[in-house]
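Can you build the whole structure from these sequences, using the hints too?
As they're listed, the protein sequences go chains A and B. Heads up: the first sequence begins at 1065 in the numbering used here, then just goes up one per residue. Heads up: the second sequence begins at 394 in the numbering used here, then just goes up one per residue.
Misleading hints may appear alongside valid ones.
[What the hints assert, rightly or not] Computed footprint of chain A on chain B; a stretch qualifies when at least three of its residues, placed anywhere within it, have a C-beta under 8 Å from a C-beta of chain A:
1. 493-499
2. 787-801
3. 827-837
Since the hints were derived computationally from the structure, they do not count as laboratory data. This structure is a prediction, so every number in the text was calculated from the model and none was measured. Built from N, CA and C at the ideal position, the CB exists for glycine as well.
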Amino acid sequence: MSTTGSALVERALAIAAAQVPDAGAVALVREVSEAVVRWANSTMTTNGNTVERRLSVVMLVPLEGGTGAGVVTVPAPTGLADGPEGDAVLTDAVAGAVQAARRAGPARDAAPLPEPAGPADAHWDEGAEDTSTAVFARLAEELGASFRPGEASFGFADHRVTTTWLGTSAGVRRRWVEPSGSVELNLKDPSTGTSVWGGEGATDIATVDVAALVDRLRNRLPWGARQIELPAGRYETLLPPSAVSDLMIYLAWSMGGRPAQEGRSAFSRAGGTRVGERLGDLPLTLAGDPAGAGFADLAYTPVLATTYSGDEVSVFDNGATTGRVEWVRDGTVATLAYPRAAAAEYGAPFAAPTDNLVLTGGEDATLEEMVASTGRGLLLTCLWYIREVDPTTLLLTGLTRDGVYLVEGGEIVGEVNNFRFNESPLDLLRRATEAGATERTLPREWKDWFTRAAMPPLRVPDFHMTSVSLGR
Amino acid sequence: MDADFLALPLAALADAALDAARRGGAQHADLRVHRLRTQHLELRDGRVVVAADSETLGLAVRVLRDGVWGFAAHVDLTPEVAVATARRALDVTATLASLATERVTLADEPVHAGAVWVSPYDVDPWAVDVAEKIGLLTDRSTALLAASGVDHVSASLVQVKEQSFYADTAGTTTTQQRVRVDPDISITTVDRAGGAFESLRTLAPPAGRGWEYLTGTGWDWGAELTELPELLAEKVRAPSVVAGPTDLVIDPTNLWLVIHESIGHATEYDRAIGYEAAYAGTSFATPDKLGTLRYGSDVLTVTGDRTVPHGLASVGYDDDGVAAQEFDLVRDGVLVGYQVDRSFAPRLGLDRSNGCAYADSAEHVPLQRMANVSLQPDPVSDRPTSDLIGAVEDGLYVVGDRSWSIDMQRYNFQFTGQRFHRIRGGELVGQVRDVAYQATTTDFWGSLEAVGGPSTWRLGGAFNCGKAQPGQVAPVSHGCPSALLRGVTVLNTGSGS
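Laid out in structure tokens, this is it:
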């Protein structure tokens, strides 16, 4: 872009200050450059290389009885910070946000904007970074070479680079670049109907060894040579890291402090919240950590930037420095999510939802070692179509997908039908009897919204499969 | 049609992009300019939590060169960027051509030059002051908070105006504008001593209407909001359900979602041939079963259409430039059709697409997305819902949607609802709670004994039907009458049985 996001932020803040000098203002520019490729039945189906750029203006306007908040987001084409045409757009955006704030009335989550933790970022005035389908050169070569008769390949690869500029009237000036990406691969053997899935998250897509991923999945296809039908029921079950991540993500999304305080969440209990309640015997810790908690590519920029207020976040907190949060510590519910205003209201610590989740506290066992120590049980691959059934207990339903295997005497003896399950992740933490080594994983269900996760495999002695699913 | 959208340099962008695509060797190319305006208002306990407006706008170029698709998009609306974007789309086909082991062909479509279509609505929501909208939501919240047993109220309104311009190398140009609204109010009661809570949500579905929908056109808000607190109180007092096979009368406010998941998605041709196998899933209703698969009882007749007034998927033309149509999917219980776009129609042996292409933004490529898939009412008799309830000795009347989940082949599903009223001797005798029903698609629709008449037929729907990678959302409606189904498996979600 001819003008950088920083110039656009500064111009929007200047117009905001001129319109309503005593208001708080936040300007947020996000540019997303993305390259994608998708394939099915061993041929490319869709692809793309796109650039999107948007400016959000948050106005925090003093009113009788408090402060109102209004948000306007507009497209940010090149040149929006230059000249009268751009100024007209910015003036309308600011005016719209001011009007919305005045109409909204005093906000319950009002708080002074956070003071800057330091000077403007060194790269504040630099432009956006981008990507293109050229990053898929290795993938295209290795994937194309992997297509072969008698096997069908399906999957998706994406690479996204998000450049963010955040400025506030309190003086915050932050710019950061976050690349993210993933490769998902699904192989099917038409002769048996067996389907296997694997995926990897990576900030640099060229580092993904697609050929090795193909080999790993091909090693599982023979497990489908023996098909075993099992009925619904409770089974000792080994949940691999991807399945655990999808359950822990939903758990973390449900940890709003205000709902718990108001008695309308699974984290409520008679007279208070479940903070301090021990869930199970395993000393598991579920944490989010901008530093990555030991996994370098899980790190994210520790700055809160949002255009939306809710039970867990607030537009008044834009620019706040975020840190490590232990949602569950050593098996005990430790922290709920509160914006700063709600934290003050309830006497709790400010805790913003984290952009990664890491579950630790298990043993060093790998999933393969846990299989070897299993007398009889099920080994899952991943979970799918997870939805909340009962918010009072956080009961979820969903399906097993792309490989359920019967383990007998420490060995995989065949592939089992899929199941529908009804389980609460809270109850699973209460009942899990073994956790293995934590490893980087890709959540199958929630990957569109949450990719940064590291989880251990879990052993649950009585996982509840409520019916058989014939889906493959 | 809003003048500011028409004032964009649409023709110049099309000329630039399509010329560049032709020069680059594309046999087909299309340019789409897509704008989505959204306003989101949300109140909790009568106080505004969210007051936000957002807009996305960009141009997208799709090229088909030597049977290989390429797609690119950009936020800048200038002819120079349109040319550069077309060239990037061509570059994409070159970079990734080695992965294309099949070649795409498009079904023919008559040229629609200069076509304009605007969805029907009375009052443009953007012409209504935000204060009036917040005032209405506040008044309704305040009234509900004053009711006995109501501890919390959430009220929200999402309004969307979607505008698109499409031009292709065959000469079609379409300009369209759609308006839709999604109002939602839920109430919660909390038992602090017991550590329990329960909630109910209004049944009004999202609709392809304007502000008039909030003030009485198309929905009786006064009646629904008046009875909501007592219905919640009754739900709290209700006994837990006894699990087992149960006769169900399902209201359209619940049944639309079952249709969406078990028929709407299952009859998407791209799913049926594996294009979504790694993500959204496939379909048990594969093309080899077309014309023979017994989907349900003789009562089951389902159509797809993009024409029904106020339908969320209704358009004049799809994002392939195909005119909107109505078509059969299931007739007298047998699978007879699929939803397709121009690339899938030839694979199914059809001469023409039935108009199901849609992209949710400029940044995303058009896909085969869902039409308004609707269950037809009793063609002979206008049976009221009470007549269906009267035919049940011991069962449940299911009202309103809540939780849903279905497997990868659209076969095994589980749904809950807002309310479950017990039927005894053909009469409603109070609510039960902790209910979910679970079935296999063909068993469920096979147990369909009767449907209500045209007077029971209602449109339900959602703004956010998800599909594809990268993920896209699509608005879609489903019309249906009340329905009577025998012996559906009911679970008790409290006991796990």
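Hints and how they fare:
1. 493-499: Three-residue rule met by the segment 493-499 of chain B, so holds; n is 3.
2. 787-801: holds (count 6)
3. 827-837: This one holds; 4 residues, not fewer than the three required, reach chain A with a Cβ under 8 Å.
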